[in-house]
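Novice: Spelled out, the chains give:
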Amino acid sequence: MKAITVNNIVKTYTTKKETILAVDDVSFSVEEGEIFGLIGPDGAGKTSIFRILTTLLLADSGSANILGFDVVKNFKEIRDIIGYMPGRFSLYQDLTVEENLEFFATIFNTTIEENYNLVADIYKQLEPFKTRRAGKLSGGMKQKLALSCALIHKPKILFLDEPTTGVDPVSRKELWEMLKRLKAQGITILVSTPYMDEAKLCDRIALMQKGKILQIDTPQNVVNEFGKKLYAVRSENMFPLLMDLREFPQTENCFAFGDKHHLTLKEETFDISELEKHLITRGHSNLTIKKIEPEIEDCFMQLMKAHPNDE
Amino acid sequence: MRTLKFLLRKEFLQIFRNKLILRMIFIMPVLQLIILPFAANYEMKNILLSIVDRDHSEYSRKLINKFTSSGYFKLTNLSSSYADALNVIEEDKADLIIDIPQNFEKDLLRDSQSKIMISANAINGQTAGLAVSYSNTIIREFNNEIRTEWIQQPRLNSQPVIEITSSNWFNPRMNYKYFIVPGVLALLVTLVGFILTSLNIVKEKETGTIEQLNVSPIKKYQFILGKLIPFWILGMVVLIIGFAVSFVIYGIFPQGSFLIGFSFAGIYLIAILGFGLLTSTFAETQQQAMFIAYFFMMIFVLLGGLFAPIENMPDWAKYLTYINPVSYLIEVMRMIVLKGSGFADLAKHFGIITMFAVVLNVLAILNYKKTT
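Line order of the protein sequences matches chains L and X.
Counting the first sequence from 1 gives a position; the numbering used here is that position plus 1.
Counting the second sequence from 1 gives a position; the numbering used here is that position plus 93.
Simulated from the structure, these hints should not be mistaken for lab results.
For every residue, glycine included, the Cβ atom is placed at its ideal position computed from N, Cα and C.
Among the clues, some could well be false.
List of simulated lysine-lysine pairs, PhoX-like, C-alpha gap at most 25 Å [said to hold, decoys possible]: (1) K155(L) <-> K125(L); (2) K3(L) <-> K18(L); (3) K77(L) <-> K312(X); (4) K77(L) <-> K159(X); (5) K131(L) <-> K296(X); (6) K98(X) <-> K131(L); (7) K312(X) <-> K155(L); (8) K296(X) <-> K143(L); (9) K261(L) <-> K229(L); (10) K3(L) <-> K143(L).
Using C-beta positions, here's what the derived DEER-type ranges look like [claimed, not checked]: (11) I458(X) <-> V171(L): 40 to 48 Å; (12) K74(L) <-> E377(X): 25 to 33 Å; (13) H308(L) <-> I392(X): 49 to 57 Å; (14) E377(X) <-> R247(L): 41 to 49 Å; (15) V123(X) <-> P129(L): 37 to 45 Å; (16) K74(L) <-> I458(X): 42 to 50 Å; (17) F400(X) <-> D61(L): 47 to 55 Å.
Based on the provided sequences and hints, a complete structural model is requested.
Specialist: Written out as structure tokens, the structure is:
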């Protein structure tokens, strides 16, 4: 059985001024025991999908089920088997670490002791502070506690909505290691993130933009399907370089990526030294052009270009 | 049941950890009961009096004496002209001017007729009205006295006279505090039941913890009971403190039974907690909830008969008091504390407040949704 099946879900939000299409005919499925990532920028519709799947929000049309339970008809059964960690940590700030965990255990009719092994890795780091109020914890600690609280009832499926947004790099790394361990225990994980570098840590990913899924595949396949040579270009003056690269007739796409510009060309057979000569005549010094392997972000940019916005 | 127990435990943990609110719950009834009944006193004493005596006769002195010895007035100024006295009013140093004209005594003796002018500062209409009516009474008495001085009354009145004596039932000394204290008690119970409940639930919305509860198998009734029971208990605690304070400070001990009083307050609290819950389903932030709660509290208090008697209100306002649950609690509190009314006298009130409890809670539960 599939852990999660989503069929043609549509969700719109209507305000007085306009109707916003948040989720536009989205379908995907998640296998049991996999880490599935929804990757996309803010406003891609990730949170809406999470809220629909966790029975907090009703879709306009389409259907979804979790381990065979329909999110509308069988919402009661679903609430027993899922763990949800919303993007905004929601803990009781005035209760201590231990009280928070105990409370979330008891409302799911379980105890900390019963499922301690599941949260042990994470909770061990929190234990020295267990009498501290949740509101007084650091960001990373709060987040670990939130994850512990979402896990304490041993859910079959864990929903993590942007768990690494606003978290320091060390804690981010730790969190992904934890997710791997949870996966090893057989928990299916649906995770969303706006960070492209986290995509390759998922088993499969769905790239999302403006409520639509652009592509679903393993991170490796997504990269493989890029299918173009990719060059990283640098010089002394990066901004004029970007302008010149975009004006170059052979250029297909050129995006700024940190301290480099990533470039794809229209003709694969094009001799790249021609470009170098052209750029030198345009007055660029210290020029380097290097062929590189594409990353998820390159694929995402390419897909975005291929699916122009409806606006 | 087990889940409810844990919800309640969590709620009490939070309440007891919120030291400020907890202190307020104890300090509020004590302070309000000490301050409000003294401040909200309708009896007028110390009306500031300015007198313009142009006559300086025996009669004018007698009249002035009558005013100053009545206990209602405090002579603050003697002016030689009306204009001077008016200045004193403008400076807010007097509320009332008594202008005794020249030849006051002479006219009275010669023509059996004389005139006095009373001018009141009517910025506060209530003070002005009372001051004038007190003055009228004093002048009438003065008038009667000089009449008896002149005329030897016949043994039997030539005209039939009805003599009026009045006695004040249930509050024989017309102690204003007896009237205001039960009302303040009702107000305190409302504050705790209504405002604290709605703020508490909206706080869970604001911090997002309600989402966590919504994805859990907690049932709607468990969540709602988990919120209502702690504040019901707090409301009752405040009422007990309130009764204790009013006994210690004012010696007010209910004439009627505590059992009936607390039963009524218990049902009333269920109604007002339901209203708090209903408010919280509309508000998204504590600020909104506070504003809505404040709006209703103002109406509840002003149309509740705490300060202004409902009997004095125009008809349309009277109808509004019928849908104001606070007015019933204030009335019942007064009936039990002052009059010692029993259940039979209050059956109508019990019926109405039970209806409020049912309707408000049903509305709140219908409007509370785990899914949006």
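Novice: The structure should be examined with respect to each hint, and the outcome stated for every one.
Specialist: Going through the hints against the structure:
{"no.": "1", "hint": "K155(L) <-> K125(L)", "result": "holds (17 Å)"}
{"no.": "2", "hint": "K3(L) <-> K18(L)", "result": "violated (39 Å)"}
{"no.": "3", "hint": "K77(L) <-> K312(X)", "result": "holds (9 Å)"}
{"no.": "4", "hint": "K77(L) <-> K159(X)", "result": "violated (82 Å)"}
{"no.": "5", "hint": "K131(L) <-> K296(X)", "result": "holds (24 Å)"}
{"no.": "6", "hint": "K98(X) <-> K131(L)", "result": "holds (22 Å)"}
{"no.": "7", "hint": "K312(X) <-> K155(L)", "result": "holds (20 Å)"}
{"no.": "8", "hint": "K296(X) <-> K143(L)", "result": "holds (19 Å)"}
{"no.": "9", "hint": "K261(L) <-> K229(L)", "result": "holds (18 Å)"}
{"no.": "10", "hint": "K3(L) <-> K143(L)", "result": "violated (32 Å)"}
{"no.": "11", "hint": "I458(X) <-> V171(L): 40 to 48 Å", "result": "holds (46 Å)"}
{"no.": "12", "hint": "K74(L) <-> E377(X): 25 to 33 Å", "result": "holds (29 Å)"}
{"no.": "13", "hint": "H308(L) <-> I392(X): 49 to 57 Å", "result": "holds (55 Å)"}
{"no.": "14", "hint": "E377(X) <-> R247(L): 41 to 49 Å", "result": "holds (45 Å)"}
{"no.": "15", "hint": "V123(X) <-> P129(L): 37 to 45 Å", "result": "holds (42 Å)"}
{"no.": "16", "hint": "K74(L) <-> I458(X): 42 to 50 Å", "result": "violated (22 Å)"}
{"no.": "17", "hint": "F400(X) <-> D61(L): 47 to 55 Å", "result": "holds (52 Å)"}
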